[in-house]
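Student: Under UniProt numbering, the sequence shown has 299 at position 299, and the numbering climbs by one with no breaks.
Any given hint could be a false lead.
[Said to hold, decoys possible] With a Cα cut of at most 25 Å, we get these calculated BS3-like pairs of lysine-lysine: (1) K570 with K528; (2) K214 with K230; (3) K671 with K610; (4) K533 with K481; (5) K666 with K580; (6) K533 with K610; (7) K450 with K424; (8) K224 with K79.
Keep in mind that the hints were calculated from the coordinates and are not lab data. Just so it is clear, the structure is predicted and the values come from calculations on it, not from any experiment.
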Amino acid sequence: MAGAMVGEAFLSAILQALFVRIDRMATHEVLEFFSQWKLSKEPLMRLKTSLLFLNAVLNDAEEKQMNNPVVKGWVNEIKDAAYQAQDLLDEIETVVSRKKLEAELKSKVQLFNLTSYKQIELRIEEILGRLKFLAKQRDLLGLKESSGGEKPSPKRPTTSLVEESAVYGREGDSEAIIELLLADAGSGDNITLFVSGEFCFRMEAENSNGLSGKTRYFSYSRTKFDSYEKFEAFHGVKDLRSFLPSNVSTQSGCLSTKVVLHLLPELRTLRVLSLAHYRNLTVLPQSVGNLIQLRYLNISHTAIKVLPDSVCTLYNLQTLLLTSCHSLTELPTNMGWLINLRHLDIIETNLKEMPLLMGRLKSLQTLTSFILGKGGGSSIKELGEFQQLKGSLSVLKLENAVDARDALEANLRNKLHLNELVLKWGGDTNDSRKDREILDKLQPHANLRKLTIENYGGTIFSNWLGQASCNIVSVQIHSCKYCLFLPPFGKLPSLEFLSIVGLDGVVTIGSEFYGTVDSRGKPFASLKTLRFKNMLQLQEWLPFRDDDEGVVAFSGLQQLYIQNCCNLTKGLPDSLFSLKTLVIEKCQQLVASLPRVPVIHELKLQYCNKVVLNELPPQVLKFTISGYDALVSLPIGNNHCLKELDVSDCPSLRLLPSMGEADTLKSLSVKSCGKLVFPMHQCYPSLESLCIRSSFDSFVCFPLELFPKLNHLDNFLYFYSSSSSTELGLQ
Numbered sequence: 001m002a003g004a005m006v007g008e009a010f011l012s013a014i015l016q017a018l019f020v021r022i023d024r025m026a027t028h029e030v031l032e033f034f035s036q037w038k039l040s041k042e043p044l045m046r047l048k049t050s051l052l053f054l055n056a057v058l059n060d061a062e063e064k065q066m067n068n069p070v071v072k073g074w075v076n077e078i079k080d081a082a083y084q085a086q087d088l089l090d091e092i093e094t095v096v097s098r099k100k101l102e103a104e105l106k107s108k109v110q111l112f113n114l115t116s117y118k119q120i121e122l123r124i125e126e127i128l129g130r131l132k133f134l135a136k137q138r139d140l141l142g143l144k145e146s147s148g149g150e151k152p153s154p155k156r157p158t159t160s161l162v163e164e165s166a167v168y169g170r171e172g173d174s175e176a177i178i179e180l181l182l183a184d185a186g187s188g189d190n191i192t193l194f195v196s197g198e199f200c201f202r203m204e205a206e207n208s209n210g211l212s213g214k215t216r217y218f219s220y221s222r223t224k225f226d227s228y229e230k231f232e233a234f235h236g237v238k239d240l241r242s243f244l245p246s247n248v249s250t251q252s253g254c255l256s257t258k259v260v261l262h263l264l265p266e267l268r269t270l271r272v273l274s275l276a277h278y279r280n281l282t283v284l285p286q287s288v289g290n291l292i293q294l295r296y297l298n299i300s301h302t303a304i305k306v307l308p309d310s311v312c313t314l315y316n317l318q319t320l321l322l323t324s325c326h327s328l329t330e331l332p333t334n335m336g337w338l339i340n341l342r343h344l345d346i347i348e349t350n351l352k353e354m355p356l357l358m359g360r361l362k363s364l365q366t367l368t369s370f371i372l373g374k375g376g377g378s379s380i381k382e383l384g385e386f387q388q389l390k391g392s393l394s395v396l397k398l399e400n401a402v403d404a405r406d407a408l409e410a411n412l413r414n415k416l417h418l419n420e421l422v423l424k425w426g427g428d429t430n431d432s433r434k435d436r437e438i439l440d441k442l443q444p445h446a447n448l449r450k451l452t453i454e455n456y457g458g459t460i461f462s463n464w465l466g467q468a469s470c471n472i473v474s475v476q477i478h479s480c481k482y483c484l485f486l487p488p489f490g491k492l493p494s495l496e497f498l499s500i501v502g503l504d505g506v507v508t509i510g511s512e513f514y515g516t517v518d519s520r521g522k523p524f525a526s527l528k529t530l531r532f533k534n535m536l537q538l539q540e541w542l543p544f545r546d547d548d549e550g551v552v553a554f555s556g557l558q559q560l561y562i563q564n565c566c567n568l569t570k571g572l573p574d575s576l577f578s579l580k581t582l583v584i585e586k587c588q589q590l591v592a593s594l595p596r597v598p599v600i601h602e603l604k605l606q607y608c609n610k611v612v613l614n615e616l617p618p619q620v621l622k623f624t625i626s627g628y629d630a631l632v633s634l635p636i637g638n639n640h641c642l643k644e645l646d647v648s649d650c651p652s653l654r655l656l657p658s659m660g661e662a663d664t665l666k667s668l669s670v671k672s673c674g675k676l677v678f679p680m681h682q683c684y685p686s687l688e689s690l691c692i693r694s695s696f697d698s699f700v701c702f703p704l705e706l707f708p709k710l711n712h713l714d715n716f717l718y719f720y721s722s723s724s725s726t727e728l729g730l731q
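Modelling step: build the complete structure from the supplied sequences, incorporating the hints.
Tutor: Structure (structure tokens):
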């Protein structure tokens with residue numbers, strides 16, 4: 001019954017969509033087209049009437065087809081005729097839209113290669129004749145009309161196989177569910193088989209048995225090399241709508257160039273085409289422009305070097321995915337013709353700039369990156385035309401922005417569905433003031449969740465970065481080396497992740513960092529992760545001064561990283577009661593004692609030997625210590641939870657934890673600790689992994705019985721006697 005429900009939903013959805021589209025044909029542009037080419041619109045109205053007549057008995061037919069193969073064949077014939085009608089209406093709408101676009105562009109170039117207009121009329125009559133024949137069979141089969149007249153559009157069936165929202169640009173297709181079901185190769189679901197019937201074909205290995213002229217949707221299991229012979233049978237399939245591998249993963253394969261150059265251009269009714277992860281794909285033929293019905297094109301993770309200009313004639317294209325096409329350096333000049341494009345993914349490409357007139361793509365919902373051009377190149381103000389943008393957007397090469405007024409026209413403040421924004425300047429700045437003015441005008445909507453600013457050349461940040469009204473959860477500020485002060489990030493009520501890297505101009509982190517909070521608030525109340533890295537001029541981090549007794553900063557901080565701040569002398573905050581991870585690396589001048597951290601689980605101290613460790617916090621599970629020249633013994637203290645211990649470059653260290661201190665230890669790594677004396681009289685009952693390199697110079701023997709649970713020795717372990725050495729290999 002589940003299969004019947006889904007099958008009924010698909011056919012009914014197709015018919016309902018056809019009714020709407022035929023009614024839509026009464027627009028001025030369509031009527032003008034029919035008049036100009038002396039075509040009668042009367043057959044279109046008869047087409048709707050014929051489909052309504054058949055739709056009236058669809059409920060009865062869907063029930064009877066389960067046990068009556070003749071009725072099932074009749075239903076399939078209706079579906080095939082409906083597909084043909086869809087293709088025809090698509091072509092008519094494409095012709096009309098093409099004419100409109102050519103008029104707007106004042107172009108004499110024919111953007112699309114279509115059949116002659118008279119053939120359109122002939123095809124309508126052919127479909128009408130087929131429907132008339134099916135109508136006669138309706139009565140012979142004894143099919144009854146549903147009570148209440150025209151059948152309502154059914155609700156979309158729910159199935160665990162369908163995650164339509166996860167696929168760019170296919171939410172408008174009534175057949176999207178079929179394509180998604182086909183993409184789930186491992187399911188083997190009976191619903192898929194029922195819905196597909198002879199219209200959908202999933203090819204396992206190279207077995208094309210079962211392929212028919214009615215096949216519309218095709219998926220296949222991709223292999224390391226997909227040969228031309230694997231797909232040769234598709235030369236006779238003229239109405240195919242989807243061509244996509246069903247097991248796309250990060251593993252790449254190769255595809256015969258004959259498939260790309262000779263087979264695919266023949267499939268003129270394709271809606272969905274995926275060639276993703278074919279690493280030998282370097283070009284698409286110009287004939288790809290013949291695929292005028294194409295909605296979805298995915299050539300991600302290929303070696304494509306250039307897109308043919310004919311891609312810009314794919315007027316119906318809604319989704320173009322170019323993710324990780326590292327060899328791609330430019331987009332075609334006339335990308336602005338693709339006015340139905342909704343999703344353009346160019347992340348991890350090497351595009352130098354965007355083409356001109358990208359602002360014509362007013363339907364864009366996904367634009368992963370926008371790269372500004374130099375001089376008269378692509379302008380940031382074109383972003384203002386993309387009013388439906390959502391998801392993630394990276395604005396790159398902001399140094400090419402000509403005027404701050406252009407940045408204002410980008411209208412980021414009104415893009416309320418953007419949740420992630422990257423603002424990136426390239427290279428060194430030559431106008432710090434202009435950079436500040438541009439950043440001022442790029443204020444996003446308060447709904448933004450993630451913000452990254454990189455290579456910004458201003459000396460101070462914009463005021464909007466510290467507005468308490470915004471809902472930002474994550475902020476990353478990287479390589480803004482001229483900035484002298486940090487914004488008041490403490491005022492951001494939802495901020496959970498903050499990474500400050502490479503701000504060479506900041507000398508002091510003071511009260512401006514915490515901001516002014518009201519009596520009910522706490523600085524950094526929601527912050528969970530804080531990172532300071534490569535702050536080469538930073539000297540001090542001042543603590544939060546509480547005018548109202550009892551208010552503390554960083555009350556929820558769980559992870560703190562201070563890395564390569566070589567001039568920092570003081571500044572570890574106190575009262576970090578929620579801290580679970582503390583990492584201090586390459587802070588040779590930092591003089592401090594560890595803050596009170598009662599629940600810390602991971603502690604890493606590397607090359608910061610002025611940070612005093614009197615006693616290991618009691619709940620530490622993983623402890624890493626490096627570069628402590630004067631350290632003689634490890635202050636384990638009352639810790640009975642330690643599971644991982646990593647010690648390196650401690651030349652004075654002589655003692656490892658005793659048996660009572662290390663009874664929970666599972667992993668031990670010791671490197672470059674030459675004076676360390678191995679505790680021959682102790683047993684490590686829980687130790688499972690051991691790594692020793694350039695340590696224990698006084699080794700005499702190595703009794704494995706001290707490690708009853710040992711199962712891993714990293715690389716090779718050497719142990720010595722007075723006259724010989726033996727190499728112990730790993731198992």
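Student: Determine for every hint whether it applies to the structure shown.
Tutor: We went through each hint and held it up to the structure:
Using a Cα cut-off of 25 Å, the hinted pair K570 and K528 holds, with the two alpha carbons roughly 22 Å apart. A distance of roughly 19 Å separates the Cα atoms of K214 and K230; the hinted pair therefore holds under the 25 Å criterion. With a C-alpha separation of about 21 Å, the suggested pair K671 and K610 falls inside the 25 Å cut-off, and the hint holds. Between K533 and K481 the CA atoms are separated by roughly 12 Å; this keeps the pair inside 25 Å, and the hint holds.
Of the supplied pair hints, the one linking K666 and K580 holds, its CA atoms being roughly 20 Å apart against a limit of 25 Å. About 18 Å separates the Cα atoms of K533 and K610, which keeps this hinted pair within 25 Å; it holds. With a C-alpha separation of about 14 Å, the suggested pair K450 and K424 falls inside the 25 Å cut-off, and the hint holds. Distance hint between K224 and K79 is unfulfilled; the C-alpha atoms sit about 36 Å from each other, more than 25 Å.
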